[in-house]
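S.K.: Given the structure of chain A, go ahead and fit chains B, C and D onto it with the hints provided.
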Amino acid sequence: MAETRSVAEPYRDARQQRDAAMLGMYVFLGSEIMLFGGLFAVAAVMRLLHPAEVVEASKALHVWIGAVNTAVLLTSSLFVALAVDCAKGGRRRGTGAWLFSAASLGAVFLAIKVYEYSLEHAEGLLPGLGAPLKVSTPVQRAFMDLYLVATGLHALHLLIGILLLLVIAIRAASGRLLLPERAIVPVTAGLYWHLVDVIWVFLYPILYLAR
Amino acid sequence: MTALQERPEQADRHDRGLSETDTERQSYLRAGHSLGSWFFTRDHKRIAILYLFAITAFFMIGGAAAALMRLDLLTSAGDLLTNEGYNRAFTIHGVIMVWFFLIPSIPNTFGNFLVPLMIGARDLAFPRLNLLSWYIFVLAGGFTLFVLIAGGVDTGWTFYTPLSSMFSHGNVVLAAVAVFIAGFSSILTGLNFIVTVHKLRCPGMTWDRLPLFVWAIYATSLILVLATPVLSITLVLIAAERLFGLGIFDPKLGGDPLLYQHLFWFYSHPAVYIMVLPALGVVSELVAAAARKPVFGYKFVAGSSIAIAVIGFFVWGHHMFVAGQSMYASAVFSFLSLAVAVPSGIKVYNWAATLYKGHISLDPPFLYGMTFIGLFVVGGLTGLMLAMLAVDVHVHDTYFVVAHFHYIMVGGTVSAFFGALHYWWPKIVGRTYPLVWGRLAAIFIFLGFNLTFFPQFLLGYLGMPRRYHVYAPEFQMLHVLSSAGASLLGLAYLMPLVYLTWSMRYGAPAGDNPWDATGLEWTTPSPPPKHNFDEIPVVDRPPYDYEIEMEGEDG
Amino acid sequence: MSGPLSLWPEQASGYGGEIDLFVIAFTVLIAALSAPVFVVIVLFAAKYRRGRPADREHPQDRNVWLEVSWSIIPFFALIGFFVWSTDLFARLYHPPKDALEIDVVARQWMWKFQHPEGQSEINELHVPTGEPVKLVMASQDVIHSLYIPALRLKQDVVPGRYTVLWFNADKPGTYRLACAEFCGTDHSVMGGSFVVQTPAEYARWLQQSTVDRSLAAQGGALFRGRGCSGCHGPASTVKAPPLEGLFGKPVALEGGATIIADEQYIRDSILLPQKQVAAGYPAIMPTFENVLSEEDVLKIVAYIKSLGPGDLTQ
Amino acid sequence: MQKTVSFVFVWFALVLLLAATVTASFMLKGPAGLAVSLGIAFGKSGLIYWHYMHLNEEEGLQRIAALGAGAWLLILFAFVCADYLTR
Numbered sequence: 001m002a003e004t005r006s007v008a009e010p011y012r013d014a015r016q017q018r019d020a021a022m023l024g025m026y027v028f029l030g031s032e033i034m035l036f037g038g039l040f041a042v043a044a045v046m047r048l049l050h051p052a053e054v055v056e057a058s059k060a061l062h063v064w065i066g067a068v069n070t071a072v073l074l075t076s077s078l079f080v081a082l083a084v085d086c087a088k089g090g091r092r093r094g095t096g097a098w099l100f101s102a103a104s105l106g107a108v109f110l111a112i113k114v115y116e117y118s119l120e121h122a123e124g125l126l127p128g129l130g131a132p133l134k135v136s137t138p139v140q141r142a143f144m145d146l147y148l149v150a151t152g153l154h155a156l157h158l159l160i161g162i163l164l165l166l167v168i169a170i171r172a173a174s175g176r177l178l179l180p181e182r183a184i185v186p187v188t189a190g191l192y193w194h195l196v197d198v199i200w201v202f203l204y205p206i207l208y209l210a211r
Numbered sequence: 001m002t003a004l005q006e007r008p009e010q011a012d013r014h015d016r017g018l019s020e021t022d023t024e025r026q027s028y029l030r031a032g033h034s035l036g037s038w039f040f041t042r043d044h045k046r047i048a049i050l051y052l053f054a055i056t057a058f059f060m061i062g063g064a065a066a067a068l069m070r071l072d073l074l075t076s077a078g079d080l081l082t083n084e085g086y087n088r089a090f091t092i093h094g095v096i097m098v099w100f101f102l103i104p105s106i107p108n109t110f111g112n113f114l115v116p117l118m119i120g121a122r123d124l125a126f127p128r129l130n131l132l133s134w135y136i137f138v139l140a141g142g143f144t145l146f147v148l149i150a151g152g153v154d155t156g157w158t159f160y161t162p163l164s165s166m167f168s169h170g171n172v173v174l175a176a177v178a179v180f181i182a183g184f185s186s187i188l189t190g191l192n193f194i195v196t197v198h199k200l201r202c203p204g205m206t207w208d209r210l211p212l213f214v215w216a217i218y219a220t221s222l223i224l225v226l227a228t229p230v231l232s233i234t235l236v237l238i239a240a241e242r243l244f245g246l247g248i249f250d251p252k253l254g255g256d257p258l259l260y261q262h263l264f265w266f267y268s269h270p271a272v273y274i275m276v277l278p279a280l281g282v283v284s285e286l287v288a289a290a291a292r293k294p295v296f297g298y299k300f301v302a303g304s305s306i307a308i309a310v311i312g313f314f315v316w317g318h319h320m321f322v323a324g325q326s327m328y329a330s331a332v333f334s335f336l337s338l339a340v341a342v343p344s345g346i347k348v349y350n351w352a353a354t355l356y357k358g359h360i361s362l363d364p365p366f367l368y369g370m371t372f373i374g375l376f377v378v379g380g381l382t383g384l385m386l387a388m389l390a391v392d393v394h395v396h397d398t399y400f401v402v403a404h405f406h407y408i409m410v411g412g413t414v415s416a417f418f419g420a421l422h423y424w425w426p427k428i429v430g431r432t433y434p435l436v437w438g439r440l441a442a443i444f445i446f447l448g449f450n451l452t453f454f455p456q457f458l459l460g461y462l463g464m465p466r467r468y469h470v471y472a473p474e475f476q477m478l479h480v481l482s483s484a485g486a487s488l489l490g491l492a493y494l495m496p497l498v499y500l501t502w503s504m505r506y507g508a509p510a511g512d513n514p515w516d517a518t519g520l521e522w523t524t525p526s527p528p529p530k531h532n533f534d535e536i537p538v539v540d541r542p543p544y545d546y547e548i549e550m551e552g553e554d555g
Numbered sequence: 001m002s003g004p005l006s007l008w009p010e011q012a013s014g015y016g017g018e019i020d021l022f023v024i025a026f027t028v029l030i031a032a033l034s035a036p037v038f039v040v041i042v043l044f045a046a047k048y049r050r051g052r053p054a055d056r057e058h059p060q061d062r063n064v065w066l067e068v069s070w071s072i073i074p075f076f077a078l079i080g081f082f083v084w085s086t087d088l089f090a091r092l093y094h095p096p097k098d099a100l101e102i103d104v105v106a107r108q109w110m111w112k113f114q115h116p117e118g119q120s121e122i123n124e125l126h127v128p129t130g131e132p133v134k135l136v137m138a139s140q141d142v143i144h145s146l147y148i149p150a151l152r153l154k155q156d157v158v159p160g161r162y163t164v165l166w167f168n169a170d171k172p173g174t175y176r177l178a179c180a181e182f183c184g185t186d187h188s189v190m191g192g193s194f195v196v197q198t199p200a201e202y203a204r205w206l207q208q209s210t211v212d213r214s215l216a217a218q219g220g221a222l223f224r225g226r227g228c229s230g231c232h233g234p235a236s237t238v239k240a241p242p243l244e245g246l247f248g249k250p251v252a253l254e255g256g257a258t259i260i261a262d263e264q265y266i267r268d269s270i271l272l273p274q275k276q277v278a279a280g281y282p283a284i285m286p287t288f289e290n291v292l293s294e295e296d297v298l299k300i301v302a303y304i305k306s307l308g309p310g311d312l313t314q
Numbered sequence: 001m002q003k004t005v006s007f008v009f010v011w012f013a014l015v016l017l018l019a020a021t022v023t024a025s026f027m028l029k030g031p032a033g034l035a036v037s038l039g040i041a042f043g044k045s046g047l048i049y050w051h052y053m054h055l056n057e058e059e060g061l062q063r064i065a066a067l068g069a070g071a072w073l074l075i076l077f078a079f080v081c082a083d084y085l086t087r
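Top line first, the protein sequences correspond to chains A, B, C and D.
full-length UniProt numbering numbers the first residue of the first sequence as 1 and each following residue consecutively.
full-length UniProt numbering numbers the first residue of the second sequence as 1 and each following residue consecutively.
full-length UniProt numbering numbers the first residue of the third sequence as 1 and each following residue consecutively.
full-length UniProt numbering numbers the first residue of the fourth sequence as 1 and each following residue consecutively.
So that you can see chain A by itself, here it is in the shape it has in the complex (with noise of 0.2 Å):
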């Protein structure tokens, strides 16, 4: 992202330049999706060996922290589109502004997260800490197993995120991107942001409102 001018090498034009580069994110975006997939393929299987068991494992969960949670999220894409538009307008401090404000909301998301395994570590039921489990079957520690990694990974990517945006932010505010011409940048980052929403959003349901 250190490219100034406007056509780089391979391309003949911006257009086409442009074009390749949201061809490229859209197809990365599909390689998480199928990332994620094979996650959601557990939670699958597991809801249908265990249905009874998984609707319990779910109970114990935090609903509530988890629908702020959710709320934060889909805020922050708001922020993100937003801070796209100003991008694409050529408005430097709009764009700064928005991605700020979308990676501290990201960094809010990370913290209930925190706090959120603190209250489950305390109930004994976060595996994988040392700590007893007071888990009533198997069948929900192996819930718990699958709920730590997808969130864990998830947190992974919006980590990622926050400081794809946070340096994004800076970049545009103090001008060294130069913009509308570079608005390709925000933009490709934003789609990052938006998938790792999306995949909030099923995971939400999906871990959370088992019933």
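To be clear, the hints were calculated from the coordinates, so they are not data collected in a lab.
A few of these clues could be false.
[Said to hold, decoys possible] Derived SDA-like pairs: lysine to any residue, alpha-carbon spacing no greater than 20 Å straight-line:
no., chain 1, residue 1, chain 2, residue 2
1, D, K29, C, L29
2, C, K239, C, R224
3, D, K29, A, R18
4, A, K59, D, A35
5, C, K171, C, E10
6, C, K275, A, L48
7, B, K252, C, K275
8, B, K299, C, S69
9, B, K252, A, L49
10, D, K29, A, V55
11, C, K275, A, H62
12, D, K29, C, Q276
13, B, K252, C, K239
[Claimed, not checked] Covered by chain C, according to a simulated footprint, are these stretches of chain B (three or more residues, beta-carbon under 8 Å):
no., region
14, 76-85
15, 297-304
16, 312-324
17, 465-471
For glycine and all other residues, C-beta sits at the position ideal for the given N, C-alpha and C.
M.R.: The following block gives chains B, C and D in isolation, referenced to the frame of chain A:
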């Protein structure tokens, strides 16, 4: 007659190897001599060379592991290695050959080198991503070598749970990390090719003028992007189980080991097509160039690549017929596996038809192409036999399966890799190699291969399970035969290494188009300049547009 | 088992013969499909070699009908074989009701076989000719696979569930059995012999083998010793489902579903008791996961299978 | 400005759908509950894809690339579930 067969002038002969041609001076090979100019290059051709070095090294390591196994299998008591040692040998053989040789072999070397040249582009869509992909690959390879040094891993390349997650004593986590990282390289490479083929074709290069090799690489890339992430997440789950005890497949927690197999084969069956589709693309090029004719039924051959890529995603369950999957699922997977035979069959029959009324040259690329076709047909048809449920119950997990997939992977993909190497070598280095040696190597590979792997079909049907190094004495003769073949095969694989290296310095300059072939890559100088084309070409002709020659014209 | 070289495996069942027939027929088919390719390639390569005069007028570069026909015709031939093989395969999933049942427990790195009369053997399986034999298989650790080449049969043995293999051996002799699924260090020596005997010899072998009690009786001892009878017994005050005559009957589950009480159901009820809770009973049964081995569970299953209506109330 | 307004409307719809899915989880159980919660999740991601992820402005190729993987996952789901449901 092709330029290759024209011997250079006598004066040239004394001189060659010492003098550098003008073309060479302006080529990508001479565009910078420092190490940095190679290791920080963004030129797709140089990255292809970097890959070529890396995978050659891995091919040799994987081959050494195979040699060790074949040596051990000479006696039925397995005198050379311990049980554990043998398990580690075949695991490292599998892991290295699958992820560090076969999957990147043709796409990352020839795909990288040729796709931009063939579609009239100056580079891939994301040159930096391309270089990053190589570094990720090398990092993953480093991890693998570290696993090797640290004592190896003993689960087989399939990492089946709960053996890998709860019982193995090997470095499963490290190996999983290595493959996980290699997966990123695969995904980024696939993504790069997809975008390049969509967005960087030169004017006039419509989809129905695309070389069949590019079609094949495109289909491969779709699989790379769609299948690899599923493997990645599956490996994450295994590592999580070993590191933190997060037992998602643990039967004691109500998990199902078969779920692991479903996820693993959802990747690994399409991965077979990652390995073989580029080879099919190469052979289409070789056959057309050797026959000097358009490939018979271009549209069918191009479409069959896509069909194989798509249908390849619907058949993974045929690895699980005796694993305890539902009988109905098995029947459906068996049927769909037969469906893959249709596009594969189309290709083979169409290649045969391409030769009809051609002007066939028996140069090394063609011989490798024929080696491919012969061995691929045997591998494919025995694959159909394996898709038959009742037969699979008997031969599943035996040497029959081992023989079958080596006919496809080694007989097929590796032969095509060597075919590609012999066909495009003059383009890559700008020099020609001795054709006689090329032909000899091809013949030795064909013979050595069959001697190695045909006896394994018999072994398998006799009931010799795979991954055994202590076996019943009645299998010994066939094993000795197989090991003898493997020695021949190993030597045959070393031959090209010698004469191709020799040719880089002493070979005659190749000229732009030594095979007199069509395709944009042959319109550039050999070796091509850094930016491929001074002016982006414009295509106004169908692919493989060989002019009709009159008989005896070149006699 | 003879000499250092053999080219065709021994055959110990009629089913094995049918597989061989199928394989030979299929080999003929693939020869028919591939021979033209090989012949044509060699022929063309010779006839149309570059520089050789030949008739090269009007070369075609496409012919849709030809291409469609060589895609479709082999496919139809294959469908015939598919039906044939799937029919053979489906038989494996329908063991006869009156089959002799032998329990199999696999672990790293041995096979244990338990006959219904209580005889057990390691890495050796004796069966009679002329009688269908059904193996109910469990794994104590990783995935194994019981492979008997002379029967042309194998089946993976998966931890956490029972898999079944059945056959009807008809030729007395000693054959190999092996583990076909890679299972760790000593995988390649996890094998043994499969001994097919005439019914008379088999009966004699059963008698010679030392045994104190039948499998079901051993299961009954466990049933009492591990405290199962405390709740499931007639004198119990705890409300637990009765087990007499349970096997093979439909069970109504909490949540409305119904399940047939087969071996797998009984196993799951012992090891994963919350998975399927019988309707009308509190879900209070503890898991016996760490108390009972797969062998023990199979014995208890045999015991519960042996319980007729009213057996426990006596 | 036009866009800003539509973005905020989409956000409002997303939050409403979130409220709907939480409410539904208290009222519906079993397959019906699952169907509704997944349906709402698809609705929400549809809104995000269409408006926030620019699919309303992109050409067919990009739309296929963006949604293709989701469709591809159905293969995995269909066949894996088919196995478990017919065992």
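S.K.: Does each hint hold? Answer for all of them.
M.R.: Hint by hint, here is what the structure shows:
no., hint, in the structure
1, K29/D <-> L29/C, "violated (54 Å)"
2, K239/C <-> R224/C, "holds (17 Å)"
3, K29/D <-> R18/A, "violated (46 Å)"
4, K59/A <-> A35/D, "holds (18 Å)"
5, K171/C <-> E10/C, "holds (10 Å)"
6, K275/C <-> L48/A, "holds (11 Å)"
7, K252/B <-> K275/C, "holds (12 Å)"
8, K299/B <-> S69/C, "holds (16 Å)"
9, K252/B <-> L49/A, "holds (14 Å)"
10, K29/D <-> V55/A, "holds (9 Å)"
11, K275/C <-> H62/A, "violated (24 Å)"
12, K29/D <-> Q276/C, "holds (18 Å)"
13, K252/B <-> K239/C, "violated (26 Å)"
14, 76-85, "holds (count 3)"
15, 297-304, "holds (count 4)"
16, 312-324, "holds (count 4)"
17, 465-471, "holds (count 7)"
Going down the numbered hints, you'll see the structure goes against 1, 3, 11, 13, while the others check out.
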